[in-house]
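Take a look at the letters that make up each chain.
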Amino acid sequence: EAGVAQSPRYKIIEKRQSVAFWCNPISGHATLYWYQQILGQGPKLLIQFQNNGVVDDSQLPKDRFSAERLKGVDSTLKIQPAKLEDSAVYLCASSSVTDPRYQETQYFGPGTRLLVL
Amino acid sequence: EDKVVQSPLSLVVHEGDTVTLNCSYEVTNFRSLLWYKQEKKAPTFLFMLTSSGIEKKSGRLSSILDKKELFSILNITATQTGDSAVYLCAVEAYAGGTSYGKLTFGQGTILTVHP
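As they're listed, the protein sequences go chains A and B. What the first sequence shows, in our numbering, is residues 8 to 124, in sequence order. What the second sequence shows, in our numbering, is residues 15 to 129, in sequence order.
Bound-form chain A, shown alone:
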């Protein structure tokens, strides 16, 4: 099966500019996650969707970050305006099991590497 797709793979912008990332999960996966991974650190969850509803966005900096998953499939993550500290890899992941009685394994996309100058 095809994996999680993300684009672009790399993006360089200046601070205060806007940027958007796109994610297409594995077909049929209802749960989608966006993570931020700063160099030298583990990924940090920004937002989790179940179909097109938000399950957890407690660590999303809502003054500048937004995310949507309008049709329960693709998702976009936007940063407006960007700051220097937003330089990181943004990983999208998806998982297939929605019944909480079952374990889930998250499959990750290749990530988008963002550099803010």
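Hints should not be assumed to be uniformly reliable.
As the list claims (entries may be wrong) - Facing chain A, from chain B, some residues (calculated, C-beta under 8 Å): (1) P57; (2) F59; (3) M62; (4) K71; (5) G73; (6) R74; (7) T95; (8) L102; (9) L117; (10) F119; (11) G120; (12) G122.
As the list claims (entries may be wrong) - Under the rule of at most 25 Å between Cα atoms (straight-line distance), these lysine-lysine pairs were calculated in the BS3-like manner: (13) K71/B x K69/A; (14) K85/A x K54/B; (15) K22/A x K90/A.
It should be emphasised that the hints constitute simulated quantities derived from the structure, not laboratory data. Every residue, glycine too, gets a C-beta built ideally from N, C-alpha and C.
Mind docking chain B on chain A? Use the hints.
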């Protein structure tokens, strides 16, 4: 706040050596512990552990969980240069009333295997 700490932060070995990577955690509503391997791309899944004392194995890799002492180890025997990567430990917790897993990652262990 959930917390995952990995040690060592980096490790340099030669091919054929055996390595042990450590992961300790403090998590409310623990559900599972996962190990991932990350090369210069997306993390790839290695193991999911939910029960104490049961070893999971895949080739030269194995892992075990101790839920009483709140830690896990990942062993790699007969290391190869292809094992060079960042190894991430993550703990899945139930997220409030939804029971959908929320992952908290450690900072990772950078493993370098020299020929």
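Taking the hints in turn, this is what the structure says about them:
no., hint, verdict
1, P57, "holds, 5 Å"
2, F59, "holds, 6 Å"
3, M62, "holds, 6 Å"
4, K71, "violated, 17 Å"
5, G73, "violated, 18 Å"
6, R74, "violated, 21 Å"
7, T95, "violated, 22 Å"
8, L102, "holds, 5 Å"
9, L117, "holds, 6 Å"
10, F119, "holds, 3 Å"
11, G120, "holds, 5 Å"
12, G122, "holds, 5 Å"
13, K71/B x K69/A, "violated, 41 Å"
14, K85/A x K54/B, "holds, 24 Å"
15, K22/A x K90/A, "holds, 5 Å"
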